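Hey, can you work out the whole structure from these sequences and the hints?
Protein chains in written order, with my numbering: chain A, 1 to 234; chain B, 235 to 551.
Just so you know, the hints here were simulated from the structure itself, not pulled from any lab data. Hints are not guaranteed to be accurate.
To be verified - The following label-pair restraints were derived from C-beta to C-beta distances:
| # | chain 1 | residue 1 | chain 2 | residue 2 | range |
| --- | --- | --- | --- | --- | --- |
| 1 | B | Arg432 | A | Ser217 | 44 to 50 angstroms |
| 2 | A | Gly17 | B | Asn358 | 40 to 46 angstroms |
| 3 | A | Gln172 | B | Val247 | 49 to 55 angstroms |
| 4 | B | Phe524 | A | Phe18 | 40 to 46 angstroms |
| 5 | A | Glu202 | B | Arg432 | 38 to 44 angstroms |
| 6 | A | Arg68 | B | Ala351 | 38 to 44 angstroms |
| 7 | B | Phe524 | A | Gly123 | 36 to 42 angstroms |
| 8 | B | Val255 | A | Ser76 | 46 to 52 angstroms |
| 9 | B | Glu354 | A | Phe18 | 37 to 43 angstroms |
| 10 | B | Ile347 | A | Ser217 | 55 to 61 angstroms |
Predicted model, so just to flag it, every value in this text is computed and none were measured. Where is the CB? At the ideal position from N, CA and C, for every residue including glycine.
Chain by chain, the residues run as shown.
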Amino acid sequence: MSESVLDVRQVVKKFGGFRALDGVSLSIRPGEILALVGPNGSGKTTCINVVSGLYPADEGEVLFQGQRINGLSMSSLARLGINRTFQIPKPFKALTVEENVDVALRNIHPATPLVDDPLAFVGMDHVRDRMASTLNSGQQKLLDLARALAGAPKLLLVDELAAGMNPAELRQLAGKLRELASRGVALLVVEHLMGFVNQLAERVIVMNAGREIFEGSLAAAAKDATVVEVYLGG
Amino acid sequence: MLKRLGSMGLPLVVLVLIFAVGPYTVFNNPATLFEMMAFLALAQGINVLYGFTGYLPFGYVGFFGAGAYGASVVVLKLHFPILLAILAGGVIAVLISVILLPMLRLSGAYFAIGSLAAAEIVYNVVANPNLQSVTNGPYGINLAPVFNATLSYWLMLVLVLVAVTFVIWLRHSSFGFSLLALRDDPVSAGMAGVNIVRTRTLAWLASAFIAGLAGAIYAWHISVFYPGTMFDLNISIFAIVFTLFGGRATVWGPIIGTVVLYGLYNWIGFSTPQYFQLVYGLLIVGLVLFLPNGVMSLIGRRRKSRHAERKGAVMNV
Ligand SMILES: Nc1ncnc2c1ncn2[C@@H]1O[C@H](COP(=O)(O)OP(=O)(O)O)[C@@H](O)[C@H]1O
Ligand SMILES: [Mg+2]
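Spelled out as structure tokens, the structure:
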């Protein structure tokens with residue numbers, strides 16, 4: 001068994017009395033793409049929020065490269081090598097596209113860059129000098145990705161990046177994410193579009209109501225009775 | 235590069251022309267110019283905090299008063315040389331801001347009101363008759379032994395230039411961009427590696443230091459004052475309005491806002507006081523409704539749309 005980048009062990013996250021994560025465990029190896037799927041409200045974003053330090057876990061452990069990271073701030077985690085995008089993109093609206101990326105470059109100071117030019121990598125070369133507030137939501141999501149890449153993450157958490165893209169753009173994006181994985185980045189990809197997941201991940205985890213209900217290949221998931229029940233039975 | 239340095243330094247040149255050359259040429263009114271400089275320093279201090287972090291400090295005058303009283307006590311009781319005492323005034327304002335650090339956990343209106351309450355507390359401590367032996371309580375301060383109208387005038391100009399230079403630096407440094415990022419979105423700023431607590435704290439301390447120094451120099455200049463003079467809430471309100479009018483998070487905004495509105499205040503306010511409140515009130519309402527980012531946003535908007543046109547042309551090819 002190779003050393004994993006991320007180990008989530010029996011994590012519980014409560015909002016009031018409601019258990020949004022109810023004992024979730026998962027691990028990802030370097031260069032692996034793990035897809036996290038499941039119906040709306042099943043806890044996918046919450047899982048990313050806990051791993052990236054936005055919310056503390058109420059129970060359980062989060063390990064990054066074998067080291068316990070519960071309770072560390074987002075900025076410390078970013079410097080350790082964890083980064084993410086947001087389901088609803090969060091650009092710095094008062095800054096230009098390029099300045100958005102510069103904030104991450106200058107504050108995280110990665111020892112070795114992951115990509116030479118994050119904006120060129122995500123295909124946003126031509127909008128560098130635009131104010132981020134003038135981007136459409138698809139571009140804002142790519143800007144989130146570029147900013148995350150500027151921090152040279154070893155673990156990248158991607159939350160519904162593909163929503164609203166056309167098939168050609170999806171293929172391109174899938175290619176980019178696979179390229180990152182081939183450079184050793186571990187990716188946790190939360191996604192609704194199964195076609196997109198199919199292009200990306202060997203392994204998927206299906207969540208429902210804060211718990212994992214399946215782990216395996218997407219093809220196997222499609223045949224799994226519990227998974228089918230959750231998706232079709234409502 | 236030289237051109238860029240030139241345009242960055244332009245505000246400093248303009249300020250020197252108005253306040254160093256002005257008194258000997260067109261505006262022979264040092265008292266008004268001095269007050270205007272004090273507001274310029276305060277407006278830039280508000281700019282550092284509100285413009286770059288989004289915290290609106292209605293109680294900002296508390297730091298001004300603390301600096302004024304701090305410097306005075308240090309001069310009168312500890313017999314420090316005046317320049318050192320003024321520095322001490324700035325440091326005392328910073329110490330108070332350190333005590334008030336937990337306030338940064340409040341947001342929006344809660345912070346604004348909290349800062350108001352904090353200023354009120356500092357005022358009440360200073361004006362307390364039981365502290366007469368230290369602050370002379372409600373009976374005021376007399377700095378006649380060190381009074382020097384000319385030197386204090388020049389020192390206020392130095393402070394204005396330093397504050398403006400600091401804001402120019404903020405506009406061009408990683409630290410300033412981190413602040414703006416934090417103002418826009420603290421969550422993604424954190425994920426971009428911005429140390430949220432440290433960055434906000436430094437901006438808070440810096441803005442307190444500016445106000446403390448301004449208060450100390452102001453006290454030296456007017457030399458006789460009471461707690462009510464230095465903790466007058468109108469001082470906060472004016473500095474905030476000037477900053478909003480000109481445009482926050484810019485170098486020019488607080489300068490334009492202070493020069494125009496304080497000029498207007500002197501002109502209308504003193505010659506026809508009955509119109510002053512009307513004009514000023516209408517201005518504030520119009521500002522909030524139609525120009526939330528101040529006069530500078532008019533210039534910024536034009537520049538941006540020209541920029542967008544150019545980009546559009548390129549993309550259509
Ligand atoms: N900040 C929060 N406060 C309260 N409830 C939350 C919060 N974030 C998420 N939840 C709840 O937790 C559950 C899981 O949400 P989420 O992780 O966003 O789901 P998903 O991303 O899988 O659609 C939902 O019921 C949601 O309403
Ligand atoms: Mg979600």
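May I ask you to test the hint 40 to 46 angstroms on the CB atoms belonging to A/Gly17 and B/Asn358?
-> 44 angstroms, holds
May I ask you to test the hint 40 to 46 angstroms on the CB atoms belonging to B/Phe524 and A/Phe18?
-> At roughly 44 angstroms between Cβ atoms, A/Phe18 and B/Phe524 fall inside 40 to 46 angstroms, so the hint holds.
Within 55 to 61 angstroms or not, the Cβ separation of B/Ile347 and A/Ser217?
-> The hint (55 to 61 angstroms, Cβ to Cβ) holds, given that B/Ile347 and A/Ser217 are roughly 57 angstroms apart.
State, for the Cβ atoms of A/Gln172 and B/Val247, whether the hinted interval 49 to 55 angstroms holds or is violated.
-> 50 angstroms, holds
Beta-carbon spacing of B/Glu354 to A/Phe18 - inside the hinted bounds 37 to 43 angstroms or not | 41 angstroms, holds
When you take the CB atoms of B/Arg432 and A/Ser217, is the distance between them in 44 to 50 angstroms?
-> 45 angstroms, holds
A/Gly123 and B/Phe524 - C-beta distance against the hinted 36 to 42 angstroms = For A/Gly123 against B/Phe524, whose Cβ atoms are near 38 angstroms apart, the range 36 to 42 angstroms holds.
Could you check the hint for me, namely that A/Arg68 and B/Ala351 are 38 to 44 angstroms apart, CB to CB?
-> 41 angstroms, holds
Kindly confirm whether 46 to 52 angstroms is satisfied by the beta carbon distance between B/Val255 and A/Ser76.
-> 51 angstroms, holds
So does A/Glu202 sit 38 to 44 angstroms from B/Arg432, Cβ to Cβ?
-> The hinted range 38 to 44 angstroms holds for A/Glu202 and B/Arg432, with Cβ atoms some 41 angstroms apart.
The structure fails none of the hints (numbered hints given earlier).
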